[in-house]
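Asks: Listed here are the chains, written in short residue letters.
There are 2 protein chains.
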Amino acid sequence: MDNKFSYRINNAKASAIREILKLMNDPEMISFGGGNPASESFPIAKLADISNKLMREEPLRVLEYGITEGDPKLKEELRKFMNRNFVNVHESDSMMITSGSQQIMDLLGRALINDGDVVISENPSFLGALNAFKVNGATIKGITMEDDGLNLAELEEALKTIKNVKLIYLIPNFQNPSGITTSLEKRKAILELAIKYDVLILEDNPYGEIRFANEHLPSIKSMDTTDHVVYAASLSKIVAPGMRIAAMVGSPELLLKCVVAKQSSDVHTNAWAQAMMAEFLRETDMDAHLKTICEIYREKANLMLDKMAETFAPDVKWTQIEGGMFIWVTLPKRLDMQDFVKAALKHKVAVVPGNAFLDDDTKPCNSFRMNFSKPTKEQIIQGVAILGALTKEQNDD
Amino acid sequence: MDNKFSYRINNAKASAIREILKLMNDPEMISFGGGNPASESFPIAKLADISNKLMREEPLRVLEYGITEGDPKLKEELRKFMNRNFVNVHESDSMMITSGSQQIMDLLGRALINDGDVVISENPSFLGALNAFKVNGATIKGITMEDDGLNLAELEEALKTIKNVKLIYLIPNFQNPSGITTSLEKRKAILELAIKYDVLILEDNPYGEIRFANEHLPSIKSMDTTDHVVYAASLSKIVAPGMRIAAMVGSPELLLKCVVAKQSSDVHTNAWAQAMMAEFLRETDMDAHLKTICEIYREKANLMLDKMAETFAPDVKWTQIEGGMFIWVTLPKRLDMQDFVKAALKHKVAVVPGNAFLDDDTKPCNSFRMNFSKPTKEQIIQGVAILGALTKEQNDD
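Which chain is which? The protein sequence lines are A and B, in order. The numbering of the first sequence is this note's numbering, which starts it at 1 and goes up by one. The numbering of the second sequence is this note's numbering, which starts it at 1 and goes up by one.
Worth flagging that the hints you see were computed from the coordinates, not collected in a lab. A couple of the hints might just be wrong.
[Said to hold, decoys possible] Pairwise CB distance ranges, derived in the manner of DEER restraints:
1. A/Ile386 with B/Arg282: 37 to 45 Å
2. A/Lys80 with B/Lys46: 33 to 41 Å
3. B/Arg282 with A/Lys188: 14 to 22 Å
4. A/Lys346 with B/Leu184: 52 to 60 Å
[As the list claims (entries may be wrong)] Where chain A lies over chain B, by a calculated footprint (3+ residues, C-beta under 8 Å):
5. 106 to 113
6. 222 to 235
7. 262 to 273
8. 381 to 392
Each residue gets a CB set at the ideal place from its N, CA and C atoms; glycine is no exception.
Using the sequences provided together with the hints, build the complete structure.
Replies: Encoded structure:
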């Protein structure tokens, strides 16, 4: 038949990263391209025990329909977990469990965006979020990233001149893809601007708990008393991503609309995964668990950074990181990024071209993203050596 | 802050059914209102065994990110399961695993619908589907249901006169809420009209395997060689709904757009649930399993129908059913349906007002929906007796 698709879906692209990931089925490929957490950090034995207990003792909790808002026990455990440290979930906030953080972007997009509305994001930013906003009709306005967060003058100029900005999308900790952490001063300044121009901030914090240097910074959510922040928490990176469990926290008025959106999206999130995460949080000393995870990440990050320092040409630059999963590498002008990435693929090392993360992927970009959490230490050593050698060539590969 | 929501979400309503279901937290309430399968049909012990094996032997299959299209092993098992009988999944078809059938409606809505496009549905029809289309910008055009499926003349008139029809939404087996099964003749005629006017059919078949009288009819999908049918299969009613596992089958061109839509919705469906269902289908004699389930449903349906025949006033009418989970009851003019439903709630019996299932819920409607799968036999006997007594009153309750 003659399919007539919606213009929104015709504007959307299949994820460039996911297309690259398909190349990685090649077992010889060393992949620094994915966004997967370190699988050796998954608490496998404990999850198996909890699952077995749940399936034997509370099967209907797992097998019956649940409510759209999410398992009340999981919400209670998440509230405690988030409040123990640096996120501030207010008494007056609502919470909803979602099928991964990706669904938070999608539901917010659906609840807020009319065709042609604008979402302001860091530039570069997480592709999956930008796509979710675009599929819901948004135009993305990217704001230049600096070493301590986005450029404030550019942000205010955008808020002042663009009338229909619906959302400011931020990843303040160990941003994807840049690895950058927004400073305390900039967090405060961004919140002030959001209040001044009455625009909602989506504070996406999937990596915040994976800090392996310096001290935690307060979340923007924790500074807000005016309902200008909706907060996205995820268990994908600190427990396991296949679970697809995240939580959004915000004002009851906003969350109510997102509940309506979720009713028509998937009714509710998988019941087993919610019960599993409730019991895991309840039974686990999370500080000890996170310490173990951070140690794994610290070792891998330091190994990659050390090997990069050893083998990369001195005119190649990369971001300083204090946590998370990514390093953002910028090539000198003598090297063309797209050619470099292709040459790396030929040598069986995958990285992601940086332009994929821009508000407009046709803009010039000489950076690429590297992930250190998924590859083994051997792969890190071997793969960085290959990339290092390529940085010393003159694009004549 | 001053929230400015999208007009699409402002047009959507929280599910009327889910609002009613909240009343049912009252432990004394006998609920014929839900759409829950019979929980005594869940294969609990087998699922617990499979889960334990999976978590011990293949933890990374469950805990790692998966691909958007779904677990290849589950797709293979589902293809075999669907083809063993009366669904015809072509070699050339694509399949995607989704987070329940609800997500199929949502992804199709996203892939097909521009604001103001029209979805034709049976009237009454499944509220969750209508909401998913509406949230994606569609207007619903309902076609009168007759005892053997929708009115063909009305359908053709709609296809002829409305220019931007994007989808015909059908539940051919034991329709929700009417319980009606579309005849073979009407299935053929509807497909012919869809081809003639080049409009896609969404054949939603969550209840088809729960047939406890007469023979299975061929799916519309099985008669189509022109890619005018996309088929929705669900495991919610025949295994367990908390899993949130369904599958959509259709042309590669259409499914590719739905994969892009799902990438930005939730990346992929819960990995444990997919692996669980793959192993369950592989290990289980599904014909024997379905026979057991159908026996449970047959007993409950017959009990409810018998008790209705015994206790309801003779001028109350209801649909003949051959399977599924619902009975559609129409009151005589002397009784007002909304008053009746309120009186029933007062007497601690919940049913769903029929107007909730109409394309326009302000249209007059003197019917309500009853579910027989979730309540116990004792509740069926007790609840029907209460409703029966109310049918004999003169609305002066």
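Asks: Output the numbers, in ascending order, of every earlier hint that fails for this structure.
Replies: Of the numbered hints, 3 and 8 do not hold.
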